[in-house]
Structure formats: structure tokens, C-alpha cells
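Asks: Protein chains in written order, with my numbering: chain A, 4 to 183; chain B, -4 to 179.
One or more of the hints may lead you astray.
[Unchecked claim] Result set (EDC-like, lysine to aspartate or glutamate): computed pairs, CA atoms no more than 20 Å apart in a straight line: (1) K174/B x E138/A; (2) K64/A x E131/B; (3) K25/B x D6/A; (4) K170/B x E138/A; (5) K147/B x D6/A; (6) K55/A x E46/B; (7) K55/A x E66/A; (8) K170/B x E8/A; (9) K64/A x D38/B; (10) K174/B x D6/A; (11) K25/B x E66/A; (12) K170/B x D23/A; (13) K41/A x D127/B; (14) K169/B x E66/A; (15) K147/B x D23/A; (16) K55/A x D0/B; (17) K170/B x E26/A; (18) K64/A x D173/B; (19) K55/A x E17/B; (20) K64/A x D127/B; (21) K174/B x E12/A; (22) K42/A x E66/A; (23) K169/B x E39/A; (24) K55/A x D173/B; (25) K169/B x E138/A; (26) K147/B x E66/A; (27) K55/A x E131/B; (28) K170/B x E152/A; (29) K147/B x E154/A; (30) K170/B x E28/A; (31) K42/A x E131/B; (32) K156/A x D38/B; (33) K174/B x D23/A; (34) K54/B x E48/A.
To be clear, the hints were calculated from the coordinates, so they are not data collected in a lab.
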Amino acid sequence: MRDCESIRESIGRWLDGELDTAESEAISAHLASCGECKKAQRQLETMQQALKTALLTEAQKVEFLPFWRGVQVRLARKAAWYEHPLARARETFTLSRAAWLVPASIAVVLAVLSLESYIPGWREGRNSNSFANVESIDAYGRNVALLRENESKTTVIWLYEDQEGENESADESAKSAPAF
Amino acid sequence: MELSDRDLVRRCQAGDMGSFQELVSRYHQKVYMVILGLLHNRDDALEVAQETFFRAYRKIRSFEGGSSFYTWIYRIAVNLAIDAQRRQKRNPLDFRETMDSAVEAQQETARDPFADVHDRELRESLIRAINDLTPEHKAVIVLRTIEGLSYKDIGEILGCSEGTVMSRLHYARKKLQDKLSAFL
């Protein structure tokens, strides 16, 4: 025998016809003999009826022809230039179909990052608004730096000594020298 | 002989605008009711209802008939209404005004003046109580109350399981009953 609390928990589903036959019959039998649960059932029905009546009254005021004209106006409206591609993209790139985009994006990012090792300085080269570029070249064993000023097309060339290289060679000669 | 929804959809997919018009005629009031239940504003509900059919027409070719037409159209309507509700910052009093006029219309034909006052108070409190529910809870109450849809259909429309529909309905009804206990 079910208690009133559990019966009231199920009254909603009983009214909705979502219970199996055995459960439904048990609820019906209980409601026939329990005034409090019957009252709960009536409250629920009154509430639903009130909402339905209120909304139904409003909906009945919506006449078909003016409504249909509103839909037609929308249908006749010329779609903005960006709506078709966007709609097509939304249909094409559904969540399941777009799953490949994740590894593809990672691959593109990695490729861009590794580009630096293949084309040194490509990132700096993109900036065409810079005042001047400096590049270093090896001119037959001498260190030469070129400074190109973009606006006046001036190039300044200067030779310099590689201190680091000298130090390294000095270290090497020191290593090869006797240690006393 | 009246054509079924499925037949009308097929004709519509073949480009027959008359069939689409028939579908709109069958469902416009029901779709409007569901949206009004969620949006609480007559003008917004009308806009969203028309937009629902416009979107449905544009997508009708992709409708494969896996579900019934009404579940499909309600799904579009509920999604648009929930989106609109999240965007709108309007005063919910709009809906109270809307519903008040509905109650007044009923009073004209009512017999017992005391019953009228009671009904009016009940509906006003009901609207206030529904306004306090989340869009998801409102949606289950409205779909169940208006159309008497099964939990399975409501689940399909809202994209959730029957169990979720059941628990949302239970919660929403309990909440409404608690708030309306003085009138019920």
C-alpha cells in the first residue's frame, strides 16, 4: 500500500497518462478513497486548466490571414549577402562534421610556428611599416652589416669585428696551449 | 479529404507554397500559444511565431520525417523563444497586461461574479509564478499543458531525455502549486 506522499508525487504523471496500467490503477483506487490526495489532484487540474484557458484565449485572437501575411513578408525579404554563406556554413560545419577542424587547426598552428626555422626572419619581413631593416651578411670572411632605411632608400654598410669569435678562438688556443 | 502533415510537408518540399500555407494555418495558433507562454509579451510572441514559420520554410527540404512535423516546428519555436527571452530585458508586466485582457474577455461570458474574481486572482498569480520559472521549466509546463504532448515528444522538442522532462515537470508543478496554494 503506497502512502499519500508517494501517491502525490505520481499524480502529475497519472494525469499525463505516463504511468503503466498497474500503477495507474493503484493511483485511481487511492484517489477514490483519500480526500486529501483527491484535493491535490483537483488543484493540479485547476492550475493546468487556468493556464490553458488564459493562453488559448490569447491565441484565438491571432487571425490566420494577417499572420500569414507576416510570414510572407519574411519569405519575400531578400536575404542579406552574408546570410546564404553563413547558413550554408552552419549546415556544413555541424558539430560532428567539424570534428576534424581541431587537429587541422593544431597542424596549421604548428606549421606556422615551424616556418621560422625554414625561413628565418619571415615574421619581421611582414612588417612593411618599419623604419629600417638591418641584416648581417658574410662577405668573404668579413662581418658586414647592412642597414637599409626604407623611406630614403639609404643603405649604410659597416664592417665589424666578431668579438665573440675572437674570444672563442682565443679560448681554443688557450686550451691547446700547455697547461703550465 | 484532408491531407496529413506528412503529405503536406512532401508537397511543400516539392515547392508547393499552398501546402506550406495549410501547415501554417494548422499550427499558427498552437505555436503562438507555446511562444506566448514562454515570452510573456504578445508582440514579441507574434514576431517569434512568424519567424518560426519562416525558418521552417527555409529548412523544410532538410526535414526528413524522422519526427512528426509538429515536434519539429515546436522545436524551432521553443529554441527561438528561449533565445529571444534571454535577449529581451522587457518588463514581465507586459504579459500580465496581456493576460489581464484575456481574463476580462472571459468575464464577459462568466456567470458567477465571485468565481470571476477568484479566477482572475488565480490567473494573475499563475502568471507571476510562471514568470519565476526558468525557460526550461516553463517550456515543459507549456508544452504539456497546451498540447498535452507526451514526455517523449517534449524530450524530442527540448533535446533532453524523458526522465529530465518528468523531473522538470514535477519540479515546475510543485513550485507553482506552492505559490498558488491560497487560490487552489
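Asks: Please work out if K169/B and E138/A have their alpha carbons no farther apart than 20 Å.
Replies: 77 Å, violated
Asks: Taking 20 Å as the top limit, are the C-alpha atoms of K170/B and E28/A close enough?
Replies: 27 Å, violated
Asks: Are the Cα atoms of K174/B and D6/A separated by 20 Å or less?
Replies: Between K174/B and D6/A the Cα gap is close to 24 Å, so the pair fails against 20 Å, i.e. violated.
Asks: Could you grab the alpha-carbon distance between K55/A and E66/A and see if it respects the 20 Å cut-off?
Replies: 19 Å, holds
Asks: Hey, K55/A versus E46/B, does the alpha-carbon distance stay inside 20 Å?
Replies: This hinted pair is violated, its Cα atoms lying about 23 Å apart.
Asks: For the pair supplied as a hint, K41/A and D127/B, is the alpha-carbon distance within the 20 Å limit?
Replies: 27 Å, violated
Asks: Verify the proposed pairing of K147/B with E154/A, using a straight-line Cα cut of 20 Å.
Replies: Violated, at roughly 72 Å.
Asks: Take the C-alpha atoms of K64/A and E131/B, compute the straight-line distance between them, and say whether it is at most 20 Å.
Replies: 26 Å, violated
Asks: Within 20 Å, alpha carbon to alpha carbon, are K170/B and E138/A?
Replies: 75 Å, violated
Asks: Within a Cα-Cα threshold of 20 Å, do K54/B and E48/A meet the stated pairing?
Replies: Violated, because 38 Å separates the two Cα atoms, which is more than 20 Å.
Asks: Checking one constraint from the list: CA of K170/B to CA of E8/A, max 20 Å. Satisfied?
Replies: 16 Å, holds
Asks: When you check the alpha-carbon spacing of K55/A and D173/B, does it fall within 20 Å?
Replies: Satisfied, since the Cα-Cα distance of roughly 19 Å is no more than 20 Å.
Violation of the numbered hints given earlier is confined to hints 1, 2, 3, 4, 5, 6, 10, 12, 13, 14, 16, 17, 18, 19, 20, 22, 25, 26, 28, 29, 30, 31, 32, 33 and 34; the remaining hints are satisfied by the structure.
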